[in-house]
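Enquirer: Could you build all of it, start to finish, from the sequences and the hints given here?
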Amino acid sequence: MKKLINKPDDVIREQLEGMQAAHADLLKVNYEPFYITRAGGPVKGKVALVSGGGSGHEPMHGGFVGHGMLHAACPGEVFTSPTPDQMHEAAKAADGGAGVLNIVKNYTGDVMNFEMAAELAMADGIKVQNIVIDDDIAVKDSLYTAGRRGVGSTVLIEKICGAASEKGYDLEKLSALCRTLNQNGRSMGMALTSCITPGNGEPSFEIGDDEMEIGIGIHGEPGIKRDKIKSVDEITEMMTVSIIEDKPYTRKLKEWDFGKNEWVERELTDEPLKKGDKVIAFVNSMGGTPVSELYGVYRKMAQITDKFGLKIVRNLIGPYITSLEMQGCSITLMKVDDEMIKLWDAPVYTPGLKWGK
Amino acid sequence: MKKLINKPDDVIREQLEGMQAAHADLLKVNYEPFYITRAGGPVKGKVALVSGGGSGHEPMHGGFVGHGMLHAACPGEVFTSPTPDQMHEAAKAADGGAGVLNIVKNYTGDVMNFEMAAELAMADGIKVQNIVIDDDIAVKDSLYTAGRRGVGSTVLIEKICGAASEKGYDLEKLSALCRTLNQNGRSMGMALTSCITPGNGEPSFEIGDDEMEIGIGIHGEPGIKRDKIKSVDEITEMMTVSIIEDKPYTRKLKEWDFGKNEWVERELTDEPLKKGDKVIAFVNSMGGTPVSELYGVYRKMAQITDKFGLKIVRNLIGPYITSLEMQGCSITLMKVDDEMIKLWDAPVYTPGLKWGK
Amino acid sequence: MLKKDHVLSWINRCYEVLEENRQYLTKLDTAIGDADHGNNMHRGFKKVHIQFETLQDKDIGAILKSVAMTLISSVGGASGPLYGTFFLQMGTKAGSKEELSPKEVAQIWRAGLEGVKMRGKAEPGDKTMVDVLTPVVESLERDVEAGKSLVEAIDQAVEAAEKGVQDTIPLIARKGRASYLGERSKGHQDPGATSSKLILQALRDSLS
Amino acid sequence: MLKKDHVLSWINRCYEVLEENRQYLTKLDTAIGDADHGNNMHRGFKKVHIQFETLQDKDIGAILKSVAMTLISSVGGASGPLYGTFFLQMGTKAGSKEELSPKEVAQIWRAGLEGVKMRGKAEPGDKTMVDVLTPVVESLERDVEAGKSLVEAIDQAVEAAEKGVQDTIPLIARKGRASYLGERSKGHQDPGATSSKLILQALRDSLS
Ligand SMILES: Nc1ncnc2c1ncn2[C@@H]1O[C@H](COP(=O)(O)OP(=O)(O)O)[C@@H](O)[C@H]1O
Ligand SMILES: Nc1ncnc2c1ncn2[C@@H]1O[C@H](COP(=O)(O)OP(=O)(O)O)[C@@H](O)[C@H]1O
Ligand SMILES: [Mg+2]
Ligand SMILES: [Mg+2]
Ligand SMILES: [Mg+2]
Ligand SMILES: [Mg+2]
Chain A
37 MKKLINKPDD
47 VIREQLEGMQ
57 AAHADLLKVN
67 YEPFYITRAG
77 GPVKGKVALV
87 SGGGSGHEPM
97 HGGFVGHGML
107 HAACPGEVFT
117 SPTPDQMHEA
127 AKAADGGAGV
137 LNIVKNYTGD
147 VMNFEMAAEL
157 AMADGIKVQN
167 IVIDDDIAVK
177 DSLYTAGRRG
187 VGSTVLIEKI
197 CGAASEKGYD
207 LEKLSALCRT
217 LNQNGRSMGM
227 ALTSCITPGN
237 GEPSFEIGDD
247 EMEIGIGIHG
257 EPGIKRDKIK
267 SVDEITEMMT
277 VSIIEDKPYT
287 RKLKEWDFGK
297 NEWVERELTD
307 EPLKKGDKVI
317 AFVNSMGGTP
327 VSELYGVYRK
337 MAQITDKFGL
347 KIVRNLIGPY
357 ITSLEMQGCS
367 ITLMKVDDEM
377 IKLWDAPVYT
387 PGLKWGK
Chain B
37 MKKLINKPDD
47 VIREQLEGMQ
57 AAHADLLKVN
67 YEPFYITRAG
77 GPVKGKVALV
87 SGGGSGHEPM
97 HGGFVGHGML
107 HAACPGEVFT
117 SPTPDQMHEA
127 AKAADGGAGV
137 LNIVKNYTGD
147 VMNFEMAAEL
157 AMADGIKVQN
167 IVIDDDIAVK
177 DSLYTAGRRG
187 VGSTVLIEKI
197 CGAASEKGYD
207 LEKLSALCRT
217 LNQNGRSMGM
227 ALTSCITPGN
237 GEPSFEIGDD
247 EMEIGIGIHG
257 EPGIKRDKIK
267 SVDEITEMMT
277 VSIIEDKPYT
287 RKLKEWDFGK
297 NEWVERELTD
307 EPLKKGDKVI
317 AFVNSMGGTP
327 VSELYGVYRK
337 MAQITDKFGL
347 KIVRNLIGPY
357 ITSLEMQGCS
367 ITLMKVDDEM
377 IKLWDAPVYT
387 PGLKWGK
Chain C
48 MLKKDHVLSW
58 INRCYEVLEE
68 NRQYLTKLDT
78 AIGDADHGNN
88 MHRGFKKVHI
98 QFETLQDKDI
108 GAILKSVAMT
118 LISSVGGASG
128 PLYGTFFLQM
138 GTKAGSKEEL
148 SPKEVAQIWR
158 AGLEGVKMRG
168 KAEPGDKTMV
178 DVLTPVVESL
188 ERDVEAGKSL
198 VEAIDQAVEA
208 AEKGVQDTIP
218 LIARKGRASY
228 LGERSKGHQD
238 PGATSSKLIL
248 QALRDSLS
Chain D
48 MLKKDHVLSW
58 INRCYEVLEE
68 NRQYLTKLDT
78 AIGDADHGNN
88 MHRGFKKVHI
98 QFETLQDKDI
108 GAILKSVAMT
118 LISSVGGASG
128 PLYGTFFLQM
138 GTKAGSKEEL
148 SPKEVAQIWR
158 AGLEGVKMRG
168 KAEPGDKTMV
178 DVLTPVVESL
188 ERDVEAGKSL
198 VEAIDQAVEA
208 AEKGVQDTIP
218 LIARKGRASY
228 LGERSKGHQD
238 PGATSSKLIL
248 QALRDSLS
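Protein chains in written order, with the working numbering: chain A, 37 to 393; chain B, 37 to 393; chain C, 48 to 255; chain D, 48 to 255.
Just so you know, the hints here were simulated from the structure itself, not pulled from any lab data.
For every residue, glycine included, the Cβ atom is placed at its ideal position computed from N, Cα and C.
Just so you know, not all the hints are guaranteed correct.
Reference excerpt, derived from the structure (chain A facing chain C, CB under 8 Å, subset only) [what the hints assert, rightly or not]:
1. Pro-118
2. Met-152
3. Thr-181
Short, incomplete list of chain A residues facing chain B, as computed with Cβ under 10 Å [claimed, not checked]:
4. Met-37
5. Lys-39
6. Val-47
7. Glu-53
8. Ala-58
9. Gly-92
10. Met-248
11. Gly-354
12. Pro-355
Okay, the calculated bits of chain A under chain B, using three or more residues with CB under 8 Å as the criterion [as the list claims (entries may be wrong)]:
13. 262 to 270
14. 322 to 331
Expert: Below is the structure:
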């Protein structure tokens with residue numbers, strides 16, 4: 037296992053200590069249990085945006101805590117959902133009186149743990165909503181699976197909703213924005229190599245020297261199919277066209293109903309991208325792929341979106357939602373309107389994403 | 037070879053096309069010969085900051101073209117210095133009438149090519165200075181070697197000098213700042229894996245599963261010694277202490293003498309860091325190491341600089357000067373004064389580095 | 048009768064068994080999941096083990112609820128809330144008893160199973176722990192109804208669990224991470240089903 | 048006499064030889080450099096090859112200078128300016144001749160060598176191309192002085208080049224990238240010395 041670490045059991049804590057040492061101006065790490073909040077304490081009167089998930093996807097989520105993005109993040113063990121008590125403590129620490137929006141990636145563990153956490157926080161009188169992100173089109177149906185995974189869209193959503201919170205959106209409006217953005221975003225990923233979790237020390241899947249894995253998530257889990265490595269043009273075309281031609285996707289997602297005071301399932305249908313849509317294009321490295329190769333992906337992707345009549349209005353290129361040191365990439369296309377673009381352009385000041393002031 | 041590329045011969049051009057497509061608002065790519073300038077054309081009355089070097093180190097240098105940093109960059113073939121004609125054209129395109137400062141990393145090829153380029157530009161009546169960056173303490177002497185390599189300091193220097201150019205420093209003052217920053221910076225790198233250049237398709241060096249290479253540069257060349265992989269604490273301690281305890285380093289570097297109108301060798305001595313010094317700490321990924329592990333490095337590094345009485349006033353953590361997909365990291369410590377800190381904090385708006393506005 | 052001491056030694060045995068099988072479970076999760084199930088379960092029961100002293104003075108219900116809370120706050124992933132709910136419902140059903148009749152043992156397992164199904168929405172055949180817990184509970188209920196001793200009933204249930212584990216192999220996963228693999232999940236044994244079997248075996252061990 | 052046509056076929060032969068030895072040179076550069084020397088030289092002479100037509104009407108000096116400019120603007124790295132300067136100085140020394148006497152051939156090689164040394168500041172023993180070019184020039188000078196024919200003199204020089212290449216193996220590099228390796232550069236053959244030998248061999252080939 038080739039990693040810059042000490043003992044595998046200490047990895048999370050020590051890396052958090054490093055973050056704390058490096059970014060004391062931006063964030064504050066709590067160690068028992070693990071969560072990260074903004075350095076300045078809760079932001080009065082603004083909805084607190086909280087996210088979390090397994091570690092190993094850095095900079096997501098901890099690196100997105102700061103002005104214009106998250107108010108708190110809960111890191112779990114590597115590739116393992118954090119626990120309700122972390123999320124509950126984080127919600128309490130981040131709540132500025134206007135409630136908490138949990139951004140939850142759609143994995144069985146994350147969804148269940150965040151539900152329990154929301155219940156605990158609501159028992160404390162904090163207003164909480166959970167919005168589940170499920171944008172990975174590699175997962176085809178939701179009837180015979182746990183549903184589409186939450187991947188690349190999460191980063192874009194955390195940025196845009198973060199700006200909306202700064203702008204004063206209330207919990208309901210922010211939840212609606214978050215839900216719409218999730219419905220507007222579609223992603224697909226692939227890997228050239230497997231990653232190795234510190235706990236196991238061995239590749240999460242075996243893969244030949246001339247093979248790639250298509251439709252992977254972000255947890256070192258095998259994808260939906262194995263193939264011979266192709267050229268970046270072929271790979272990018274396959275992914276981009278899959279995203280663009282993805283059919284309407286219908287599934288049920290749980291949200292809290294503040295009227296009925298219980299979890300309800302909302303049936304939602306994501307409509308495909310269509311000619312003339314404005315999109316944010318996000319080309320992401322799985323961690324081990326250098327940015328130079330991402331530009332190779334971007335080049336082909338832009339040619340294809342062009343051909344389909346999509347208009348890329350903004351982009352993000354780099355390692356933002358990773359799988360440890362895995363080589364590979366993902367593409368996310370998210371339809372946006374003018375308000376969303378304005379929110380995207382708004383200042384953000386976090387360890388992982390910075391612009392404006 | 038596991039890479040997201042098409043034909044190896046087309047890699048540079050295609051990745052530049054990708055950059056152009058992604059960042060048309062920030063930069064303009066010229067293809068015959070290859071160079072990158074700011075989208076807005078030359079900046080009138082400001083010294084043009086130009087750099088360049090082999091490709092494979094992205095985002096450096098092309099990703100650092102933009103407001104507050106470089107005015108132009110010349111990408112060579114992978115790990116191969118660009119040619120004088122590229123640099124000459126880039127200087128002509130970037131010159132805003134106040135002259136050109138070439139930031140040259142100390143490699144035999146880069147130095148010779150940039151010298152020839154400066155001569156060509158001067159023949160056109162453009163005022164040009166070359167400042168050579170040599171901060172890699174893994175190279176011990178300059179008498180029996182080509183001298184210390186230019187590595188991590190380059191990134192920090194491009195940022196700080198970029199801000200100084202915006203602020204209106206003239207060529208002489210900017211050259212002096214650049215020279216001082218180079219003398220103030222020290223770096224060291226290590227690798228866990230070798231990278232593979234697209235042209236060769238095979239690892240640049242063989243390395244065992246339990247081995248690491250210490251004192252590597254950024255070109256997939258072997259380092260100064262091979263060792264068993266150690267813990268991140270041990271590796272970081274070794275690198276940080278080496279940097280801090282590095283002895284005064286004396287060597288001659290060529291600069292243009294505008295009085296004598298010829299190249300002269302300046303003997304320069306870099307003084308070691310000392311207690312109380314303010315430093316910018318830069319923990320860099322060689323490309324394949326995820327940011328999470330860099331935080332593990334940062335943690336230990338900060339403990340050690342603390343013990344030595346150095347004060348880290350700013351930091352940079354991430355993949356900024358890379359060796360394709362190599363796993364490994366480097367540490368740079370650069371002594372700075374208040375003016376330099378102000379320049380560091382000044383707005384920068386490039387594909388690879390962004391803050392302020 | 049299942050005495051409080053049995054419950055305590057069961058919990059302790061769970062820790063031992065999950066420590067022994069940490070790598071085995073993780074390996075199963077590598078094939079069709081994200082390679083952490085053994086680590087997750089081990090982390091949780093190690094925490095339980097460390098706090099073991101604090102369980103001594105509690106009644107059976109409180110012991111099980113306390114185990115549940117520890118699992119919930121330390122396991123994470125899917126198995127954390129699921130096993131957390133499992134022990135929570137068991138504890139709630141057990142109440143402040145100091146010993147349980149065979150019938151009550153069957154009842155608390157039923158409560159645990161229903162909790163898991165409520166939380167995770169999995170049905171038998173989805174290739175999850177429910178594929179072990181369901182035949183186990185049915186076997187227990189059948190045997191205590193038929194008047195068998197607790198040990199006999201649990202021996203039978205262990206056999207049902209073993210069969211349940213084997214039966215997950217040909218299934219296509221429809222819940223949890225393995226479901227992403229679709230057809231490719233066939234031919235692999237479910238890690239959570241396997242840990243459920245181990246937890247039952249630990250109960251059996253605590254009785255001899 | 049070295050006729051203009053010989054020079055043209057030399058340049059063409061350089062391209063062929065460097066194409067054949069591309070991987071070999073890169074492999075040598077992998078051991079003690081950055082694994083690009085073969086690719087660099089090949090890229091440069093391929094460009095020369097593509098523009099070959101444009102050389103036809105030129106005199107020897109202009110041909111060599113034109114090759115120099117192409118190498119400078121396409122090779123990059125250390126070898127680009129070095130071989131660029133080498134051919135530039137050769138061309139300057141040759142002037143607008145249509146053929147060169149053996150003595151003049153030795154003179155242009157001397158001019159090329161001095162250009163390389165001026166540009167790169169390497170001395171014999173530093174483990175660079177200078178370790179081949181120096182004995183080659185000395186051998187040429189000795190033999191043409193002694194009145195040997197051009198072919199005889201170059202045959203001798205090829206032997207000196209081969210020896211020069213071998214002699215780089217035990218050296219510790221003190222210039223260029225290999226110098227970073229210090230002691231570890233021992234035992235490896237210098238890539239640039241090897242390409243210098245190939246360029247001389249190409250000249251020999253063009254005469255037969
Ligand atoms: N919805 C569900 N209902 C019941 N059991 C489930 C469900 N989803 C997953 N599981 C069980 O959880 C196990 C995986 O647990 P674990 O690996 O610890 O969590 P994660 O999948 O979050 O990594 C699976 O093998 C399966 O038995
Ligand atoms: N200062 C120098 N003087 C003469 N030859 C040199 C010098 N530095 C390097 N060389 C030659 O250049 C060769 C390497 O060329 P190449 O690999 O193309 O360039 P780079 O080292 O920039 O990658 C070395 O093998 C050596 O023979
Ligand atoms: Mg998991
Ligand atoms: Mg090179
Ligand atoms: Mg798992
Ligand atoms: Mg080389």
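Enquirer: Now tell me if each hint is right for this structure.
Expert: These are the hints, each one checked on the structure:
1. For Pro-118 (chain A), the interface hint holds, since its Cβ comes within 8 Å of a Cβ in chain C; the closest pair sits about 6 Å apart.
2. For Met-152 (chain A), the interface hint holds, since its Cβ comes within 8 Å of a Cβ in chain C; the closest pair sits about 6 Å apart.
3. Taken as an interface hint, Thr-181 (chain A) checks out: its beta carbon lies about 4 Å from the nearest beta carbon of chain C, inside 8 Å.
4. Satisfaction of the interface hint for Met-37 (chain A) is found here, the shortest Cβ-Cβ separation to chain B being roughly 9 Å, below the 10 Å cut-off.
5. Evaluation of the Lys-39 (chain A) hint against chain B yields a held restraint, the C-beta minimum of about 6 Å falling below 10 Å.
6. With a least beta-carbon distance of about 7 Å to chain B, the hint placing Val-47 (chain A) at the interface is held under the 10 Å criterion.
7. For the restraint placing Glu-53 (chain A) at the interface with chain B, the shortest Cβ-Cβ distance is roughly 5 Å, inside the 10 Å limit, so the hint holds.
8. Satisfaction of the interface hint for Ala-58 (chain A) is found here, the shortest Cβ-Cβ separation to chain B being roughly 5 Å, below the 10 Å cut-off.
9. With 10 Å as the threshold, the beta carbon of Gly-92 (chain A) comes within range of chain B, its nearest partner Cβ sitting at about 7 Å, so the hint holds.
10. Against a cut-off of 10 Å between C-beta atoms, the interface hint on Met-248 (chain A) holds, since the closest Cβ of chain B lies about 8 Å away.
11. For the restraint placing Gly-354 (chain A) at the interface with chain B, the shortest Cβ-Cβ distance is roughly 9 Å, inside the 10 Å limit, so the hint holds.
12. A hinted interface residue such as Pro-355 (chain A) counts as satisfied when its beta carbon comes closer than 10 Å to some beta carbon of chain B; here the least separation is about 7 Å, so the hint holds.
13. Coverage of the segment 262 to 270 of chain A by chain B holds [criterion: at least 3 residues with CB-CB distance below 8 Å; count 4].
14. Counting residues of the segment 322 to 331 of chain A whose CB falls under 8 Å from any CB of chain B gives 9; the rule of at least 3 is met.
In summary, the structure agrees with every hint in the numbered list given earlier.
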